Each structure stands twice: as C-alpha cells, then as structure tokens.
Amino acid sequence: MSLERFINQAVSSWMSEEGPDSDIVLSSRIRLARNFENIKFPTLFSHEEAQAIIAKIEEIHHESSFSKFGQMELLKIDEIQPLQKRVLVEKHLISPNLAEESPYGAVLLTENEEISIMVNEEDHIRIQCLFPGLQLTEALAAANEVDDWLENHIHYGFDEKYGYLTSCPTNVGTGLRASVMMHLPGLMLTQQINRIIPAINQLGLVVRGIYGEGSEALGNIFQISNQITLGKSEEDICRDLKGVVSQLISQERSAREALRKTSNIQLEDRVFRSLGVLSNCRIIETKEAAKCLSDVRLGIDMGYIDHLPKNILNELMILTQPGFLQQYAGGHLRANERDIRRAALIRERLKMEQDKR
Amino acid sequence: MICQECNQRPAALHFTKIVNGEKTEVNLCEKCAQEKGEMFMFTGGSGFSFNNLLAGLLNIEPSVQKQSQNTFHQEEILQCSGCSMTFPQFIKVGRFGCAHCYETFKEQLPPVLSRLHSGNWSHSGKIPKRIGGGIHLKKQVENLKNELKELIQQEEFEKAAQIRDEIRTLEKQLSSSNKGGE
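Residue numbers (the working numbering), protein chains in the order written: chain A, 127 to 483; chain B, 3 to 184.
Some hints here could point you the wrong way.
What the hints assert, rightly or not - Below are the DSS-like pairs computed for lysine-lysine, each with C-alpha atoms no more than 27 Å apart in a straight line: (1) A:Lys287 to B:Lys151; (2) A:Lys287 to B:Lys131; (3) B:Lys141 to B:Lys151; (4) B:Lys131 to A:Lys182; (5) A:Lys287 to B:Lys147; (6) A:Lys436 to A:Lys482; (7) A:Lys477 to B:Lys141; (8) A:Lys287 to B:Lys33; (9) B:Lys141 to A:Lys413; (10) A:Lys287 to B:Lys94; (11) B:Lys94 to B:Lys140.
Said to hold, decoys possible - Facing chain B, according to a computed beta carbon distance under 8 Å, are these residues of chain A, among others: (12) Gln135; (13) Ser139; (14) Asp285.
To be verified - Derived DEER-like restraints, expressed as beta-carbon distance ranges: (15) B:Pro113 to A:Pro229: 30 to 38 Å; (16) B:Lys140 to A:Ser380: 52 to 60 Å; (17) A:Gln392 to B:Ala14: 26 to 34 Å; (18) A:Arg386 to B:Ile154: 54 to 62 Å; (19) A:Glu189 to B:Lys161: 49 to 57 Å; (20) A:Thr316 to B:Gln164: 32 to 40 Å.
No lab work stands behind these hints, which were simulated from the structure alone. Only a predicted model underlies this, so the values are computations on that prediction, with no experimental measurement involved. C-beta: ideal position from N, C-alpha, C; glycine also.
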C-alpha cells in the first residue's frame, strides 16, 4: 500500500482537521460513563450478562439508526487482531483497558471516528467524543446526543443523590471525564511547566502524558482532565477545564514570544536541526522522533517552516507508534526493526510534502 | 542532605510516608531507593495502580474503618443483595459490583465520596429524562435551604431574606410542575 493511501485510511478527523486554537490544543475529548440498572458491573458480571449487554447494543444499533454522526460499525474485541486493537488504542478510539483486559468488550465506532462507544469496559457503556482543537462544548453536546439516544433504549443506573452510578466511585455523578490534549513546547523550554503542573493539580485537574495514566509527556504533549465528577454539572466541569486551558494557551503563547525575543536564532537552529534529523535519519526511537516532531511543529506554528502542514505532528505522533508501524509493515516487528521503519516512514512522509510543492 | 541508608551519597528522593496517621520522613539516594524497592511508586506500572491508591484512601478514612468494624462487631457484614459484594471487599478492590451497591452501602458512602470529590457528595448534573425534571428543582431548594441556615448562623439576615424569597419561588414552581405532571 502506498503511504498516502495508508495515511488516508489511518488518520481520523481529529488528527487531520484543524479546530479552534489548534496551534496549541490538539484535541478535546469527552467521556461519559453509563451502566445498565439491573446488571452487575463488568468487574463481576457473568459471561451471559456480558453477552446480553452486547446483544442489546447490537439491537439498538440495528433497529434505531442514529445517523446524525454517520454510519456506525460494531467491533467485538475478541474478533479483531491484536495489531488492530493496538492501532485503535494508539488512535485513542478505545482504551488500553478495553483492548487488554475486557474479554467481553466491544466498540461502536462512527465512520469519521469522532464518536466511539465502548461496551463492557470498566463500565457497561462509555461514550467518547474526540474533536480537533479546543471544542469541549461541542464534544459535550455530541456526547449528550449519543447519551440521549441510548437512554431511550436502556434503563441506566441512576440515583437522585449520587447521579449516574459507575463501577468506580471516582466516576460517579456525571460520569464525565473531559480532557484536552495540548502541545506545550514553550512552557517546557522556558521551564515553567514544573511550576504550572502542581498549580493545575490544586484546582482538581489532572495532567498526564499523551497515552493516559502513567505515560510520559512525549513530544511536549500533555493531557489535562477533570478529576471531580460529583457535585458539579457537566457544563461547569467543562467550563472550569476550559478556563484553565485558556490560561495555559495564553501562557504558552507568551512563552513562545519570549523565546523569539531572547533566543530567536537558537530556536530557529533547534527547529531546523530537528527537521534535519527527521528528513535524514535511518534509525529513530519513539522518544527522539517525538522530540523532533514537537520542534518541527513549533517551527511551523512560529513561522520558521512554511512548507509543512500543521497537522504533521498529530499525524506522525500517532503513525509512528509501534502498532501503526507494524500494521503498515504488514506484520510483527522487533523494536530495532521498528526504529528503522519509523525513520523510513517519517522521511517518506516529509518527501511527500516536498513533492507537492 | 545525605542518604539515610548508605550515609555516603546525597539523598535524591525525599518523601513522607503516612501509615495509620504516623509520619515518617524518608531521604534516600537513588541507588539505595532502588535497592529498597521504594522506587515502585515512581516507575509507574509494576503493580502500583490506581486501585492501590484508592484502597489506601478508603482504608485510612477513620469513619469508614470504624463503621466497617462496627458492622463486624454486630456480626452482620453488610452485603449487597444485587451482587453479593461486601463492604470490606469493596474497600479492597475499590470498585462497586453493581448499581445496587450504592443503596446497600449508603451509610458508608458520604465520607468516601466526599474525599474523592473535594467535599462533594451529591450529584448536580444531567438527569435521565425518564426520571423527570422535578428532581432538579428539589435539589436546588435543598441547596438553598442549607445556604439559608448558614447565613442565619452568620447573622447575614439581608442575604438570608433574598435566599428565602428564592426558595419560595422555586417551591411554587415545584408544586405547579407536580400538578402539571399528574
């Protein structure tokens, strides 16, 4: 398969399109946790109960079409290849937990991959909406629509006092996790991030790396999300998160401006060195690739580089993950083979842009 | 500061352990910390998961512990009729077994939830349509009544009067919406 065709198939809309403030905010995500009222949670449910839930979701999917967000497809976790699972995780369409630890898991996906409904993960149902740029309100509205659609067919576990009942007490209430993925190289370079993260934590928000809990902030990409789900309305949770994100955006912008003023040539040098590495490397590890991609993206945002599209960071960060590389290669690859493939893929991708000019 | 284990290298890790309310300061160099296995919490993964954290949080909550002991003394362990989960089990795994657990353990939950959600223990977001809008108003009235009490205690009578009027309007709405629903 040609790289161009592979990319076209592999890239979800949130990676290729641009949203508001997308020079800094890569994507916005909303997740709603819901459960059936009278079936045990996935930690305890039986094989039959798990099957019944999937059957119910299939029935809803077939009988009442929800065409607003396009055709949907149901994938059962035990029926898809391990590599494919990994690719879905790398695209943030399913959680690692669903891929690895949910034997009765399934996912209902829209064509543009903006909406995914995970079934039988930690909760019976997890609705997820992933939008490009800073679009929390829009993503929440979409998630609510999906929720209303499912609610017509399912009796959710709900309590007047505790709200939507979830398997883990940290999700009870709204069942909402709102998160925003941000590219913050300016705050990293000026070393402000170490001061900022504790402050964000104090506001009841969590800062993590690109692939969730415990993951590193690869390529200066940070995920910021709410911790509290009980006692605040969905709108308030999103508004509070958006408030902090807007602050971060303006701090990141002023950090970039300060860098331009104080060390313009050094920054330009850094950007073009990284571009040089990416265009010429023959072996490259995930970490180095992420660092260089971040530099190049910063160079694009700040106008040093004008021949590359902005979404190259989002796209290549995902496409150079182990699962994708192996899918592109068409089979299993060892770590050192992946580093070679990664280098080749990045070079080829950059050459595609050169050829376009 | 020098590492307390080898007394040679400078300490690189400083943390405070709190076990049953007892504080211990620990200062180790990186090498000793790795040898002592204290590093597990910094390397992520390797068995130290959110579950452990949550279980730890639930365990140190004194009122939860007291209550679970009480039920033990009465030789009546609280067990959910929906999924047979007991409260000690819940504390251990940090996950409920079914929606009914919230009802079964309702006496024990407020301190647990308020700890996890910065002092909140009552939902104020979306409500499924089948349950209806009446709850929302009821909730608002409840919140305002609490506020009213506080204001009276603080002798803020002017503000209290405003809140009282608000409660009256909401109660009127509530009774008319109830009639409408009948």
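Results for each hint:
Simply put, Lys287 of chain A and Lys151 of chain B have alpha-carbon atoms about 20 Å apart, close enough for the 27 Å limit, and the pair holds. Using a Cα cut-off of 27 Å, the hinted pair Lys287 of chain A and Lys131 of chain B holds, with the two alpha carbons roughly 16 Å apart. With a CA separation close to 16 Å, the supplied pair Lys141 of chain B and Lys151 of chain B stays within the 27 Å bound. At roughly 20 Å between alpha-carbon atoms, Lys131 of chain B and Lys182 of chain A fall within 27 Å of each other, so this suggested pair holds.
Under the criterion of a C-alpha separation no larger than 27 Å, the hint pairing Lys287 of chain A with Lys147 of chain B is consistent with the structure, at around 16 Å. In summary, the hint linking Lys436 of chain A to Lys482 of chain A is supported, as the alpha carbons are separated by about 15 Å, within the 27 Å threshold. Between Lys477 of chain A and Lys141 of chain B the CA atoms are separated by roughly 60 Å; this puts the pair beyond 27 Å, and the hint is violated. Of the supplied pair hints, the one linking Lys287 of chain A and Lys33 of chain B is violated, its CA atoms being roughly 50 Å apart against a limit of 27 Å.
At roughly 50 Å between alpha-carbon atoms, Lys141 of chain B and Lys413 of chain A are farther apart than 27 Å, so this suggested pair is violated. Restraint check for Lys287 of chain A and Lys94 of chain B: the C-alpha separation of about 24 Å stays at or below 27 Å, so the hint holds. As the CA atoms of Lys94 of chain B and Lys140 of chain B are separated by approximately 35 Å, the hinted pair breaks the 27 Å bound. A least Cβ separation of about 32 Å between Gln135 of chain A and chain B goes past the 8 Å threshold, and the interface hint is therefore violated.
The closest approach between the C-beta of Ser139 of chain A and any C-beta of chain B is roughly 26 Å, which is over the 8 Å cut-off, so the hint fails. Among the interface hints, the one on Asp285 of chain A holds; its C-beta lies about 6 Å from the nearest C-beta in chain B, closer than the 8 Å criterion. Look at Pro113 of chain B against Pro229 of chain A: about 34 Å separates their beta carbons, and that is inside 30 to 38 Å. Distance hint for Lys140 of chain B and Ser380 of chain A: a CB-CB separation of about 47 Å, inconsistent with the stated range 52 to 60 Å.
In this structure the hint that Gln392 of chain A and Ala14 of chain B lie 26 to 34 Å apart at CB holds, the actual value being about 30 Å. At roughly 57 Å, the beta-carbon separation of Arg386 of chain A and Ile154 of chain B lies within the given 54 to 62 Å, and the hint holds. Taking 49 to 57 Å as the suggested C-beta distance range, the pair Glu189 of chain A and Lys161 of chain B conforms, at roughly 54 Å. Range check, Thr316 of chain A to Gln164 of chain B: about 47 Å between beta-carbon atoms, so the 32 to 40 Å window is missed.
In summary, the structure is inconsistent with hints 7, 8, 9, 11, 12, 13, 16, 20 from the numbered list given earlier, while agreeing with the others.
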